[in-house]
Amino acid sequence: MTNDGDNVQMSMHPTQDVDDVSNLSWFQSVRRVTSNRNWTGYLATVWIYSSMVVLQQYFTLYFRDIGISYILTGALLSMMFVINLLGNFVSGYLADNYDRRNLSAITMVVNGIAFLLLSQTTDVIFVALAMLIAGLSSLTGSAGVAYQMQQVDRRFGGVAQSLFTLGTSLGLVPLYLFALMLDTGMSFVAVMQILLFVAGVLYLICALIRGTVLEKIPLPKRAGQSDNILKDFISENARGLRLLMRVFPVFIAIICIDALSDSFYNFAKNYYVNETLNFGYAEINLMTLITLAFSVPLALVVGRVFDKRGGQGLALAVYAIMPISIYLLIVSQYVRYVAPIEWVFALDSVFPGLSVIFSLAFIATAMKSVNDILWFSVLGTYIQKSLPRPDLGKMLSLTNVLVLMFVAFGPIPAGFIYTNWQGLPLLVITLLVNIVLLFVLAMKSLEPQVSVEDLENE
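Just so we're on the same page, my numbering is the position in the sequence shown counted from 1, plus 9.
Treat the hints with care, as some may be off.
Pair ranges (Cβ atoms, derived) [claimed, not checked]: (1) Met254 with Thr193: 49 to 57 Å; (2) Arg251 with Pro227: 22 to 30 Å; (3) Ala247 with Gln458: 14 to 22 Å; (4) Phe418 with Thr221: 23 to 31 Å; (5) Ala348 with Leu213: 18 to 26 Å.
In case anyone wonders, no lab produced these hints; they're calculated from the structure.
Ideal placement from N, C-alpha and C gives every residue a C-beta, glycine not left out.
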């Protein structure tokens, strides 16, 4: 691969380029970002990873169908999130002190092993082991994100983030294969195991690409490092936490509480659609597939809008859809379709199950899923534009730690609530939290309280 050191150097010192980037078209901005071929190579591995990670949306149904109870499923998910939490606490220090490229390759190896193991067993002990291994990928997870952010001119942060978000939309490929295999009469469990195996192999290939093809990028210099690793680790994380709360007090509070409500929603959604609304696996898969198709152009537009106009109004507009979508999902148990029954039959005659697009459940879950993708794109852009590069790894990991403290708590009570009262209470809790957070977003600013230039000069 051709060395693209000039592009890296430009991205490390964005003030050297005095062009007014707000006047560039979306395509011109993309060309500027992807001119760094090392960054673009990393992007390709992220697209592969993101396209297959869509399978995680079906883990709750998969665990149920291989004989794992709702409560035990909640425990397994919480275990993985707790390990993620602990791993992220270490991950930032590793990302800021050791080679970010190599650490990002290790992340893909660990994920590949976890998915391969999950594809080969239905025994609860080995499933738990696979989830444990998947959680361990968080030990090095911040390094890859810091590696790519280190190379991007901040003025194009929105476009760069939208390109990464686009990888999630490539989940259309495995979801289409999912539909084809279900249509041949294969069981849901068999289809999941095949795709989990393919994902594991692809992740190992991505690890090979990252470790051998991509270039090493020198770490930005940081002041105040100690020869004592433990002392340095503690002092760095303490400083990072103070810095994070100084820059993003409202941002952090909102994403933590939102993460807790989302853990309830994500636990209940597929169970609710399958068991309460009586939609089958093929219809649920079509819901997810069509939703991702909608998200492609929107995710790309959002990044450019952020670069031109900022994120505050954009964040409010995106989040405003959340409570509406949850409300519609609750109502969908009383209103199945929003079109005449003749239209429903007509679509099913074209392709079995396609009538799901006329269901209120589809409209609700599509709105929620698309806006989740856009919401995370907005949050990621805020982080990329607002945090100092020498501390990117640590700041990313500490953000994840704070979020996971809330996410890890959710699945256990969610499993208990679903076992006893099904999914409606979980959706109601999510709705109420979303409404409260929407009011907070309307009254408080997400914008950083300190400029990134001031932080990097300190």
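* Which earlier hints turn out false for this structure, listed by number in ascending order? -> Of the numbered hints, 4 and 5 do not hold.
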